[in-house]
Amino acid sequence: MATPHTFAVAMASVDLNRPGHYLHWGVILISVANLVVIGIMILLFVLALVLPFPKGRGRG
Amino acid sequence: MSADITPGSVPSEGVEAGGWTGAVRRGAVRAFPPDKLLPDRQPSYVASWIYVFGVLTLAALAVVIGTGCVLALKGPGWWHVSSTGRYVNALHLWSVELFMAFMVIHLWGKFFMAAWRGRRAMTWITGAVAFTASVGTAFTGYLTQQNFDSQWISTQAKDGLNSVGIGAFFNVLDFGQMLMWHIVLLPLALVGLTVWHVLLVRHRGVVPPIPLLTAGDAPEGDPAAEAGDEGGGS
Chain A
1 MATPHTFAVA MASVDLNRPG HYLHWGVILI SVANLVVIGI MILLFVLALV
51 LPFPKGRGRG
Chain B
1001 MSADITPGSV PSEGVEAGGW TGAVRRGAVR AFPPDKLLPD RQPSYVASWI
1051 YVFGVLTLAA LAVVIGTGCV LALKGPGWWH VSSTGRYVNA LHLWSVELFM
1101 AFMVIHLWGK FFMAAWRGRR AMTWITGAVA FTASVGTAFT GYLTQQNFDS
1151 QWISTQAKDG LNSVGIGAFF NVLDFGQMLM WHIVLLPLAL VGLTVWHVLL
1201 VRHRGVVPPI PLLTAGDAPE GDPAAEAGDE GGGS
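Protein chains in written order, with our numbering: chain A, 1 to 60; chain B, 1001 to 1234.
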């Protein structure tokens, strides 16, 4: 059972009410949040390619 | 007049009923026989997680439309102030985030499968156009949030849109116009494209994997070309 304190700590780690953090290389400027989302999407794409698909009933 | 039909009579077998309704019915049944429209079996190569992302995109779109309908019914005084309204507003936002993410992963998968093979060009095109319609729908959604974020986005976007000459009839500073684009025109276009895309997938079938070519193989051994018309219900 999460206490209000642990809940507050968890919320603080994803505080969306502050200015975002940005990474800047030359002409490339991207927020850390967007970079994390793109990274998760690439990870999902790779997992979808390599993870075996469960066999359902009647599927050979 | 193609057939003499009296009230209550049924055209005999082999005689095609006249009129545009009969022609449309025959065309629809020919293009989408029941086992192709709602197949209960798919080819073995469809048993892969990469094929799941198209369905996940559709599921997320259903949540987007459902929460959008609730927001439209209750209004901004509800979604900005009440806790339930803010929750539904957040559901609308996060289902859009998932919708876009699933759709892009689906697009990546189909791109690397060259999913336009086997007379599936229109399936690919409707998917790509649906993606651009989704970007426009999401953009107008950000413009109609009625907060500082939407003010910032609209004032930044107006210069870009004016520079390409569409600001005169697509005015991002016109809240009413952007709201109508967001809740009427673009959703209609997106849902229409999605239905067309799914029907094409049913009609042409899921694209088979790209065949492995070994030394001495002829490149025309692509199973996609042969499975162009009958892949959906097999």
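For the record, the hints were derived by calculation from the structure and aren't laboratory data. Quick caveat: nothing in here was measured; it's all calculated off a predicted structure. Treat the hints with care, as some may be off.
Stated by the list, open to error - Here are the in silico distance ranges between beta carbons for each label pair:
{"no.": "1", "chain 1": "A", "residue 1": "D15", "chain 2": "B", "residue 2": "I1210", "range": "28 to 34 angstroms"}
{"no.": "2", "chain 1": "A", "residue 1": "V46", "chain 2": "B", "residue 2": "N1162", "range": "29 to 35 angstroms"}
{"no.": "3", "chain 1": "A", "residue 1": "V46", "chain 2": "B", "residue 2": "R1086", "range": "20 to 26 angstroms"}
{"no.": "4", "chain 1": "B", "residue 1": "T1021", "chain 2": "A", "residue 2": "L51", "range": "23 to 29 angstroms"}
{"no.": "5", "chain 1": "B", "residue 1": "W1078", "chain 2": "A", "residue 2": "V50", "range": "29 to 35 angstroms"}
{"no.": "6", "chain 1": "A", "residue 1": "V32", "chain 2": "B", "residue 2": "A1121", "range": "36 to 42 angstroms"}
{"no.": "7", "chain 1": "A", "residue 1": "L35", "chain 2": "B", "residue 2": "G1075", "range": "32 to 38 angstroms"}
{"no.": "8", "chain 1": "A", "residue 1": "L43", "chain 2": "B", "residue 2": "A1168", "range": "39 to 45 angstroms"}
{"no.": "9", "chain 1": "B", "residue 1": "M1180", "chain 2": "A", "residue 2": "M41", "range": "40 to 46 angstroms"}
{"no.": "10", "chain 1": "B", "residue 1": "G1167", "chain 2": "A", "residue 2": "P19", "range": "27 to 33 angstroms"}
{"no.": "11", "chain 1": "A", "residue 1": "L43", "chain 2": "B", "residue 2": "S1163", "range": "48 to 54 angstroms"}
{"no.": "12", "chain 1": "A", "residue 1": "L35", "chain 2": "B", "residue 2": "G1027", "range": "18 to 24 angstroms"}
{"no.": "13", "chain 1": "B", "residue 1": "P1209", "chain 2": "A", "residue 2": "N17", "range": "42 to 48 angstroms"}
Said to hold, decoys possible - Here are some of the chain B residues that sit facing chain A, going by a computed Cβ distance under 10 angstroms:
{"no.": "14", "residue": "W1049"}
{"no.": "15", "residue": "V1052"}
{"no.": "16", "residue": "V1055"}
{"no.": "17", "residue": "C1069"}
{"no.": "18", "residue": "A1101"}
{"no.": "19", "residue": "V1195"}
{"no.": "20", "residue": "W1196"}
Backbone N, C-alpha and C fix where the C-beta goes; we use that ideal spot for every residue, glycine too.
Next item on the list: Return the numbers of the hints above that this structure violates; sort them in rising order.
Entry: 1, 2, 3, 4, 5, 9, 11, 12, 16, 17, 19, 20
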